[in-house]
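Protein chains: 2
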Amino acid sequence: MGRSLDVPSLVASAREGAPRAVARLISLVEDGHPTLREIMAALTPYAGHAHVIGVTGSPGVGKSTSTNALVGAFRAREARVGVLAVDPSSPFSGGALLGDRVRMSDHSLDPHVYIRSMASRGHLGGLSWTTPQAIRVLDAAGCDVILVETVGVGQSEVEIAGLADTTLVLLAPGMGDGIQAAKAGILEIGDVFVVNKADREGADATVRDIRHMVSLGDRTQPHLWRPPVLKTVAASGEGVREVLEAIDAHLGWMTDHGVLRDRRVKRAGDEIEALAVSTLRRRMGNLRDEHGIDGLAGRVVDGTLDPYAAADDVLASLAAR
Amino acid sequence: MGRSLDVPSLVASAREGAPRAVARLISLVEDGHPTLREIMAALTPYAGHAHVIGVTGSPGVGKSTSTNALVGAFRAREARVGVLAVDPSSPFSGGALLGDRVRMSDHSLDPHVYIRSMASRGHLGGLSWTTPQAIRVLDAAGCDVILVETVGVGQSEVEIAGLADTTLVLLAPGMGDGIQAAKAGILEIGDVFVVNKADREGADATVRDIRHMVSLGDRTQPHLWRPPVLKTVAASGEGVREVLEAIDAHLGWMTDHGVLRDRRVKRAGDEIEALAVSTLRRRMGNLRDEHGIDGLAGRVVDGTLDPYAAADDVLASLAAR
Numbered sequence: 001m002g003r004s005l006d007v008p009s010l011v012a013s014a015r016e017g018a019p020r021a022v023a024r025l026i027s028l029v030e031d032g033h034p035t036l037r038e039i040m041a042a043l044t045p046y047a048g049h050a051h052v053i054g055v056t057g058s059p060g061v062g063k064s065t066s067t068n069a070l071v072g073a074f075r076a077r078e079a080r081v082g083v084l085a086v087d088p089s090s091p092f093s094g095g096a097l098l099g100d101r102v103r104m105s106d107h108s109l110d111p112h113v114y115i116r117s118m119a120s121r122g123h124l125g126g127l128s129w130t131t132p133q134a135i136r137v138l139d140a141a142g143c144d145v146i147l148v149e150t151v152g153v154g155q156s157e158v159e160i161a162g163l164a165d166t167t168l169v170l171l172a173p174g175m176g177d178g179i180q181a182a183k184a185g186i187l188e189i190g191d192v193f194v195v196n197k198a199d200r201e202g203a204d205a206t207v208r209d210i211r212h213m214v215s216l217g218d219r220t221q222p223h224l225w226r227p228p229v230l231k232t233v234a235a236s237g238e239g240v241r242e243v244l245e246a247i248d249a250h251l252g253w254m255t256d257h258g259v260l261r262d263r264r265v266k267r268a269g270d271e272i273e274a275l276a277v278s279t280l281r282r283r284m285g286n287l288r289d290e291h292g293i294d295g296l297a298g299r300v301v302d303g304t305l306d307p308y309a310a311a312d313d314v315l316a317s318l319a320a321r
Numbered sequence: 001m002g003r004s005l006d007v008p009s010l011v012a013s014a015r016e017g018a019p020r021a022v023a024r025l026i027s028l029v030e031d032g033h034p035t036l037r038e039i040m041a042a043l044t045p046y047a048g049h050a051h052v053i054g055v056t057g058s059p060g061v062g063k064s065t066s067t068n069a070l071v072g073a074f075r076a077r078e079a080r081v082g083v084l085a086v087d088p089s090s091p092f093s094g095g096a097l098l099g100d101r102v103r104m105s106d107h108s109l110d111p112h113v114y115i116r117s118m119a120s121r122g123h124l125g126g127l128s129w130t131t132p133q134a135i136r137v138l139d140a141a142g143c144d145v146i147l148v149e150t151v152g153v154g155q156s157e158v159e160i161a162g163l164a165d166t167t168l169v170l171l172a173p174g175m176g177d178g179i180q181a182a183k184a185g186i187l188e189i190g191d192v193f194v195v196n197k198a199d200r201e202g203a204d205a206t207v208r209d210i211r212h213m214v215s216l217g218d219r220t221q222p223h224l225w226r227p228p229v230l231k232t233v234a235a236s237g238e239g240v241r242e243v244l245e246a247i248d249a250h251l252g253w254m255t256d257h258g259v260l261r262d263r264r265v266k267r268a269g270d271e272i273e274a275l276a277v278s279t280l281r282r283r284m285g286n287l288r289d290e291h292g293i294d295g296l297a298g299r300v301v302d303g304t305l306d307p308y309a310a311a312d313d314v315l316a317s318l319a320a321r
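The listed protein sequences derive, respectively, from chains X and P. For the first sequence, position 248 matches number 248 in the working numbering, and the numbering has no gaps at all. For the second sequence, position 193 matches number 193 in the working numbering, and the numbering has no gaps at all.
Please note that a few of the clues may not be correct.
What the hints assert, rightly or not - Derived Cβ-Cβ restraints for the label pairs, each shown as a range: (1) P:Asp256 to X:Glu38: 52 to 58 Å; (2) X:Asp262 to P:Gly174: 54 to 60 Å; (3) X:Asp6 to P:Glu188: 42 to 48 Å; (4) P:Glu188 to X:Gly202: 47 to 53 Å; (5) X:Arg211 to P:Ala319: 46 to 52 Å; (6) P:Asp248 to X:Gly295: 27 to 33 Å; (7) X:Ala320 to P:Arg200: 57 to 63 Å; (8) P:Glu188 to X:Thr255: 52 to 58 Å; (9) P:Asn286 to X:Pro59: 36 to 42 Å; (10) X:Ala320 to P:Asp6: 50 to 56 Å; (11) X:Ala320 to P:Ala205: 28 to 34 Å; (12) X:Arg200 to P:Asn286: 49 to 55 Å.
If you are wondering where the hints come from, they were derived from the structure by calculation, not from laboratory data. Treat the numbers as computed from the prediction; the structure is a model and nothing was measured. Backbone N, C-alpha and C fix where the C-beta goes; we use that ideal spot for every residue, glycine too.
From just these sequences and the hints, can you work out the full model?
What follows is the structure, given as structure tokens:
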């Protein structure tokens with residue numbers, strides 16, 4: 001594949017599952033490439049089949065090991081699997097291939113597993129369209145399951161809940177008792193809770209704590225999904241089958257209750273809003289570069305125009321573009 | 001003054017310098033009150049006379065003491081002085097009156113000094129219009145000088161440079177050697193550097209360091225203002241006269257070189273942009289509340305509309321509002 005951009009053939013290759021075409025498309029997403037509009041238009045009709053599963057948790061709970069184990073379990077079913085490791089703090093983009101291969105060494109040579117780490121761009125104050133678009137690439141490439149792994153640092157845990165159909169929250173004994181989990185806001189976002197490293201001391205107490213906190217939430221909304229709290233030792237594969245069953249059960253529940261479509265509509269709405277805001281910001285930036293705001297600002301400084309009227313003028317100029 | 005809002009009379013009172021009217025208007029600014037459009041339109045013709053001076057520096061350098069000393073020095077000239085203490089991290093708004101009075105106890109009973117602390121709203125990713133509007137209130141109320149004091153925490157130092165005509169950067173011996181100052185990005189924003197607590201050990205070394213770093217900057221742009229590096233002991237008033245002279249010199253230089261107007265136009269442009277973005281965000285929020293995005297999002301989920309085309313539709317709806 002050359003460096004010239006033949007979007008239709010690139011999209012066609014990706015749809016056939018060619019790993020390099022998939023990787024190239026995700027790189028274009030990361031770069032915010034001008035052809036994304038064309039690419040997304042070509043991919044959209046073929047997306048919507050993958051079950052998007054978010055995997056989050058604090059550093060040290062074993063996210064990579066758990067993701068690795070889940071990939072193995074899904075592969076045993078012959079599912080085609082995509083993995084997006086999103087690092088919101090990383091200034092680096094998708095080039096971290098060596099790291100990916102080391103982390104996911106069990107699956108790095110499997111042609112039915114796509115593994116990719118991504119920097120999540122800092123879309124200040126707004127929603128990011130980067131991850132939804134990368135998900136769409138993997139989805140249209142025929143992935144049955146897409147695991148989106150995020151480092152649990154504050155906001156990103158909540159954001160992953162908006163991106164995924166099913167959100168897995170990982171904990172480890174002694175790290176996440178119920179109250180801490182409540183404080184971190186993860187009780188609201190978890191569809192399945194997994195206490196990993198369950199061979200360590202305190203695992204049962206952590207499970208009890210989380211179950212108790214989750215049950216408190218349930219009382220006020222008795223007809224909602226009741227998130228199970230499971231135990232795993234991801235390194236040995238112990239408990240992974242039960243996690244897969246819980247993920248399946250959640251997908252079934254969502255489908256039966258119309259929740260799956262609602263979540264996806266919400267997610268598409270977030271993406272649309274993010275794209276619209278991004279376009280508006282770019283137009284605003286152009287307006288400043290072309291000195292379209294300077295003249296108005298000068299009149300505000302001179303006291304002949306008030307800033308709100310000036311902002312109205314700016315909005316009218318934006319609308320006319 | 002009652003709680004009902006008679007904007008014209010409130011503005012008239014503020015212009016006559018009535019402290020309660022000034023305080024009320026700044027509260028309305030903090031609250032993002034719907035009448036702000038009317039208020040700003042009424043005030044704009046009367047603003048533009050005050051010399052806006054930013055005072056910033058790390059915690060512990062003596063910002064409040066220095067501001068207090070500067071207020072005294074300006075009052076000795078019979079200037080009318082406004083003080084805005086902006087705390088970007090504070091969740092509290094203007095109610096911190098007791099704190100203000102304690103900090104500025106020398107001037108709390110002076111009718112020609114307006115002192116106000118403000119929380120700077122987190123306008124995510126955008127520019128804030130709160131502080132420019134509060135400055136406009138004080139300006140139109142007849143202040144000759146407005147001191148805007150910010151806690152130096154990362155971004156806020158850079159932001160104050162955009163708000164002020166003249167930016168004073170305070171340092172203390174041993175805290176701010178040249179390299180640290182360069183790292184913190186304060187070398188670029190300071191118009192006047194002041195090493196406070198100059199009776200402490202290491203003051204001369206700090207002055208030398210900063211002078212050296214400032215001179216390095218000068219070499220590449222020899223015709224620019226050369227920021228002086230001064231020493232004060234604000235608690236005793238030592239060196240404050242020289243700081244005032246440097247502030248005057250900077251104002252004179254800006255006026256002679258057309259820089260004053262340029263800075264104010266840039267500032268008004270930032271405010272206009274912040275107001276426009278804020279309006280767009282509100283409209284976008286309304287659009288979601290009214291389910292104007294849900295229908296489009298549903299079509300994206302169904303694969304019959306791509307997200308960029310949906311975003312175009314959203315932008316068209318926004319423009320039509």
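Right, here's what the structure says about each hint:
1. P:Asp256 to X:Glu38: 52 to 58 Å: holds, 53 Å
2. X:Asp262 to P:Gly174: 54 to 60 Å: For Asp262 (chain X) and Gly174 (chain P) the Cβ distance comes to about 59 Å; the hint holds.
3. X:Asp6 to P:Glu188: 42 to 48 Å: holds, 45 Å
4. P:Glu188 to X:Gly202: 47 to 53 Å: holds, 51 Å
5. X:Arg211 to P:Ala319: 46 to 52 Å: holds, 51 Å
6. P:Asp248 to X:Gly295: 27 to 33 Å: holds, 31 Å
7. X:Ala320 to P:Arg200: 57 to 63 Å: holds, 59 Å
8. P:Glu188 to X:Thr255: 52 to 58 Å: Because 56 Å falls inside the window, the suggested range holds.
9. P:Asn286 to X:Pro59: 36 to 42 Å: Given range 36 to 42 Å: holds, Cβ gap about 39 Å.
10. X:Ala320 to P:Asp6: 50 to 56 Å: violated, 37 Å
11. X:Ala320 to P:Ala205: 28 to 34 Å: 58 Å Cβ-Cβ, so the 28 to 34 Å window is violated.
12. X:Arg200 to P:Asn286: 49 to 55 Å: Cβ of Arg200 (chain X) to Cβ of Asn286 (chain P): about 50 Å, so the range 49 to 55 Å holds.
Hint violations for this structure: numbers 10 and 11, all remaining hints satisfied.
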